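Please arrange chain B on chain A, whose structure you already have, making use of the hints.
These protein sequence lines map, in sequence, to chains A and B. Numbering of the first sequence is given in the numbering used here, commencing with residue 3 and proceeding in unit increments. Numbering of the second sequence is given in the numbering used here, commencing with residue 3 and proceeding in unit increments.
One should not assume that every hint holds.
Copies of the same chain look alike in the list, so a pair counts if it fits in one copy or across any two.
Claimed, not checked - In silico SDA-like cross-links for lysine to any residue, where the CA-CA straight-line distance does not exceed 20 Å: (1) Lys-59 - Ser-92; (2) Lys-88 - Asp-37; (3) Lys-59 - Arg-91; (4) Lys-88 - Ala-57; (5) Lys-72 - Thr-19.
Don't read these hints as lab results, they were simulated from the structure. All of these numbers come straight from a predicted model, not from anything done at the bench.
2 protein chains.
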Amino acid sequence: MVFTSVRTEGDGGYGETAGRLEELVKDVPGFLGMDSARTPGGLGITVGYFRDEDAIKEWRSDMEHRAAQKRGREEWYESYTLHIAKVERSHGFRK
Amino acid sequence: MVFTSVRTEGDGGYGETAGRLEELVKDVPGFLGMDSARTPGGLGITVGYFRDEDAIKEWRSDMEHRAAQKRGREEWYESYTLHIAKVERSHGFRK
Chain A
3 MVFTSVRTEG DGGYGETAGR LEELVKDVPG FLGMDSARTP GGLGITVGYF RDEDAIKEWR
63 SDMEHRAAQK RGREEWYESY TLHIAKVERS HGFRK
Chain B
3 MVFTSVRTEG DGGYGETAGR LEELVKDVPG FLGMDSARTP GGLGITVGYF RDEDAIKEWR
63 SDMEHRAAQK RGREEWYESY TLHIAKVERS HGFRK
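Bound-form chain A, shown alone (with noise of 0.2 Å):
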């Protein structure tokens, strides 16, 4: 799952709901992990790791969760883009 947004300026409660959300989601069975990267003033790009199509559906219909996409929407983002897709190979590098 890919999220890439624009924010809209000023706060007003986003990062205390996504302190909140980041909490909420590792209780969601088979979720595996989230990583987050902001250019101040640009793009975000969240990538959450996910075992199986039933762990995302859990975690879309989580109401916390629904009901900060509606605020999103309204308050917090300029625009945004959802991809969801399976990983088919990976591999990492560490010093």
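Coordinates of chain B only, in the frame set by chain A:
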């Protein structure tokens, strides 16, 4: 293609090479677009969109890209992870 990385300190030619590669990838047939974000001092995430495996293969075998990957491991990255994933569905929002 989701590339998540932690940079070493300093630039050391990274910015120039990154800019050059951003131009170069546009010439790959089947390249669809790219998004990038980096939290200052923290994680960077680059998402590259390609039409199919052939397009990814072409980009992976580009000689300048390969040289940059080598320098990346030697100089620019503390760590990175690359996931190749197939987009299954997408949606977007714009104010």
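Hint by hint, which ones does the structure fall short of? Result: no hint breaks.
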